[in-house]
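Student: Sequence:
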Amino acid sequence: MKRKVLVVALIVCSLFTLSAARYDRADGFGIGLSAGYPVAGLALKYGVGNSRLVGTVGYNYNNHFALEAGVQYDLSHSNFNDSPLYLNIGITGAANFSSEFNYFSINVPIGLSFYFRNAPIELFLKLAPGMRIASNASIEPDFGAAFGILFYVN
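At position 98 of the sequence shown the residue is numbered 97 (numbering that gives the first Met the number 0), and the sequence of numbers has no breaks.
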């Protein structure tokens, strides 16, 4: 037990010593966690400049494997407590993979990304209106939302 606590403490401490640089925005590859709808799970992001590829691999609320992928563009930014805060918009598609196809959704997420100034960490929040296409070909309004954290490994 003591060994596990020591290993976790060393990992946490090493996160803060990875870089002494001041981050305006973390480009490169980010990995973390996302909690929300339509997919909650492992969040991935790859970005250069104002453009990002985004995705989440995990589960939906019916406990089926689900996948969300799309693109994101940073519209504008400001500073909050000397750290950058970005407003972004994108388009994503999400599907669940149960024993039978239930739905596919297309959403337009509008979000905020907060980057810590002294660490390659992003906190994000997004609201995503869109539409859901069900297995019987019916189209319904859909609304997703998520929040999460990403750690950039570049």
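These are calculated hints, taken from the structure and not from any lab test.
Yeah, the Cβ is synthetic: ideal placement off N, Cα and C, and Gly gets one too.
A couple of the hints might just be wrong.
The calculated label-pair distances, taken between Cβ atoms and stated as ranges, are [to be verified]: (1) SER82 x LEU52: 39 to 47 Å; (2) PHE113 x LEU41: 18 to 26 Å; (3) ASN117 x GLY92: 33 to 41 Å; (4) VAL47 x ILE132: 29 to 37 Å; (5) ILE138 x PHE115: 35 to 43 Å; (6) LEU111 x TYR60: 17 to 25 Å; (7) ASN49 x LEU124: 28 to 36 Å.
Student: Evaluate each hint against the coordinates.
Tutor: Results for each hint:
no.: 1; hint: SER82 x LEU52: 39 to 47 Å; in the structure: violated (23 Å)
no.: 2; hint: PHE113 x LEU41: 18 to 26 Å; in the structure: holds (20 Å)
no.: 3; hint: ASN117 x GLY92: 33 to 41 Å; in the structure: holds (35 Å)
no.: 4; hint: VAL47 x ILE132: 29 to 37 Å; in the structure: holds (31 Å)
no.: 5; hint: ILE138 x PHE115: 35 to 43 Å; in the structure: holds (40 Å)
no.: 6; hint: LEU111 x TYR60: 17 to 25 Å; in the structure: holds (23 Å)
no.: 7; hint: ASN49 x LEU124: 28 to 36 Å; in the structure: violated (18 Å)
Checked against the numbered hints above, the structure breaks hints 1 and 7 and satisfies the rest.
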